[in-house]
Structure formats: C-alpha cells, structure tokens
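Visitor: As given, the protein sequences belong to chains A and B, one line each in that order. Start counting at 1 in the first sequence, then tack on 697, and there's your number in my numbering. Start counting at 1 in the second sequence, then tack on 1128, and there's your number in my numbering.
Don't take every hint at face value.
Said to hold, decoys possible - Derived CB-CB ranges, DEER-like:
(1) Gln-706(A) to Leu-1173(B): 46 to 56 Å
(2) Glu-763(A) to Lys-1275(B): 18 to 28 Å
(3) Gln-1196(B) to Thr-773(A): 27 to 37 Å
(4) His-760(A) to Gly-1288(B): 22 to 32 Å
(5) Asn-757(A) to Glu-1276(B): 11 to 21 Å
(6) Lys-794(A) to Leu-1173(B): 50 to 60 Å
(7) Gly-1288(B) to Thr-773(A): 41 to 51 Å
(8) Asn-757(A) to Ser-1172(B): 22 to 32 Å
(9) Arg-774(A) to Gln-1252(B): 31 to 41 Å
(10) Lys-1275(B) to Thr-773(A): 24 to 34 Å
(11) Gly-1288(B) to Ser-736(A): 20 to 30 Å
(12) Asp-1306(B) to Ser-736(A): 38 to 48 Å
No lab work stands behind these hints, which were simulated from the structure alone. From the three backbone atoms N, C-alpha and C, an ideal C-beta is built for every residue, glycine too.
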Amino acid sequence: MMNEALIQQIIFDALESLNTELPDDKQIAIGPDTPLFGSNAEIDSLSLVSLIVDVETALNGEHDLEISLTDDRAMTREISPFSDVRALKEYVLELIKEGSHGN
Amino acid sequence: MSKDVDLISGEFIELRKLKVGDAEITMKWRNSARASLLNRASSSLEEQIAWIARRPDSEQNYIIQTRQGLPVGMLSLINIDLEHMRAESARFLIGDEEAVKGIPAAVESMKLLYDLAFKHYKLQRVYGTVASDNTLMIKWQKYLGMKEEGRLRRHYFIDGRFQDAVCLGILAEEYEQDAKPRMLALMKISSHKL
C-alpha cells in the first residue's frame, strides 16, 4: 500500500541517486522541504528530468503504478508539482488517489 | 548552405547565431567544470576566435540567450546533410546555470533546435553522441525523445581515461508525436508559479 512516507522515501532515494551524479559543490541537502525546480531551486533542468525518471521508474516498476509525472494534469496545476519535495509528494499521492494508475 | 537562420525565438529563450565576439564567454563555459564531459576546449582566446571564424556552412552554431539578450549557453546543429536529410546535435552546454534558474532553458533550447532541424530543414533524423559518463545528459536526452542506437567503444579520452560514446537519435515523426508534447509539458510544468 502506497502511503505518504513511502512516496517521500521514493523521492529521497531519487535525490540520493542524483547526488551520486553531481559534483561535491552541487550536492542536494535532502529533506521534506528541499526546493526542486524554480528560482530558489537546488537542481537544474537536467537533474529535474533525472528525478522525474527515477521517481516514475520506482512507482511504475517497483510498485506497479502507471504514473506519468508530466501529463496534462501537472500542466494545469497552479503551483508546480516540482517546486519542492513536499509538493511532489502531494502530487504523487493525488495521482494515486484519483486512480490515474493502472491498478 | 542557403537556409541560415540567425535568430530563433522561443517563449523563454532565444537561439542566436554564434559570432566571433562570443569567443571569450564560450571559452569560459567550455573550460568550466560543467563542460568536463565534452570534447577538449580551446586553450586560448585566439584559438577560440579562430575556431568560431572557421565554422563551416554545414553547421548552425548558436548562443542560447534569455529573451533579454543575456548569453547563458550554446548549442549547435552540425553535419547538416541535405542529401541524406540528417544532422547532428552537438556542443550543448548551459554555461550560466544561475541565470536560468526557474526557466526551462535547456528544454526549450533543444525544442528550438529540433524545430530548426525538422521544420526548417525538413530533416528526417537528428543524432548525437554523449560520453558514457555523462549519465544525466543521456537520461535527459532519452526522456526528451532520443533513442539509444548503439555505442562506440572507447571513443572518447576524457578526464584521463577512455569512455564509450553513447549514440542517440530521433526521427522526425518521433519528435512530433512523442518528444514535442513531452517537451511542451516539461516547459510548462517547470515554468509554473512557485
């Protein structure tokens, strides 16, 4: 069963994986309020895509949820789901609750 | 080649033709840590000026700049072949990451280059190679529509060791059907109010 803590852990895991690709001076301080993409962001657009791919892979592959984080629903939100970890976690939860997955 | 395009305007950024006056800033970007996985950069300003001056007609080399004209990176379409209708995307580098925070500059740059290739030149295929250690770029290009077509083993000698070249490519219809919608979505999402 997918819950808030598990989704947050998936995002943290993706950020930890991203850190292994980044130089020492670009390491991301991982936490529930870590800014993601934006003017106060920790990560650039290459890293954002890496995060999206890793989170989608974990949700789709390991948890059998068919979720796309960059579909029309994300585009119509007033606040970007990629502004910070909390926003992304809440967005994933929302996608799951709305039954947008293939389970 | 008679189909030069000097300026391509997007929603967030522009691609404008590289000129000799860009030698200093492009040399600085190419010698930065961010460019460590690209081919060797010029070692002097004179060398960089000469390199820019001798770009052949088969290349379209661009500075990525903000809509206000601030240079933030570079991107090229090279080996443009109008017989076989193909070209190579190359020299992609966001040099001033701070200036484009919160702006989908990388995605829109690539979209504008694909528009140039597939709409303006009506090419069938765009391809490129990325050093195998450049895993973020490989992941990014694949997410935005390129497919891995093979590997050239020990193709690059970078950072004191050999690396494979990962060969990537995208066809015109793949761009229209898959890559472009995804790029537009990513641009919209990443430019949202925060």
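Visitor: Please go over all the hints and tell whether each is borne out by the structure.
Guide: Hints, verified against the model:
1. Against the hinted window of 46 to 56 Å, the Cβ-Cβ separation of Gln-706(A) and Leu-1173(B) comes to about 49 Å, which satisfies the hint.
2. Glu-763(A) and Lys-1275(B) have their C-beta atoms about 21 Å apart, which keeps the hinted 18 to 28 Å range intact.
3. For Gln-1196(B) and Thr-773(A), the hinted distance range of 27 to 37 Å is satisfied, since their beta carbons lie about 28 Å from each other.
4. At roughly 41 Å, the beta-carbon separation of His-760(A) and Gly-1288(B) lies outside the given 22 to 32 Å, and the hint is violated.
5. The hinted range of 11 to 21 Å is satisfied by Asn-757(A) and Glu-1276(B), whose Cβ atoms lie roughly 19 Å apart.
6. At about 58 Å, the CB distance of Lys-794(A) to Leu-1173(B) agrees with the hint of 50 to 60 Å.
7. Take Gly-1288(B) and Thr-773(A): their Cβ atoms lie about 48 Å apart, and the range 41 to 51 Å holds.
8. At about 49 Å, the beta-carbon gap between Asn-757(A) and Ser-1172(B) misses the expected band of 22 to 32 Å.
9. A beta carbon spacing of about 36 Å between Arg-774(A) and Gln-1252(B) agrees with the range 31 to 41 Å that was offered as a hint.
10. A C-beta distance of roughly 29 Å is found between Lys-1275(B) and Thr-773(A), which places it inside the suggested range of 24 to 34 Å.
11. At roughly 37 Å, the beta carbons of Gly-1288(B) and Ser-736(A) sit outside the given window of 20 to 30 Å.
12. Checked against the hint of 38 to 48 Å, the pair Asp-1306(B) and Ser-736(A) fails, with Cβ atoms roughly 30 Å apart.
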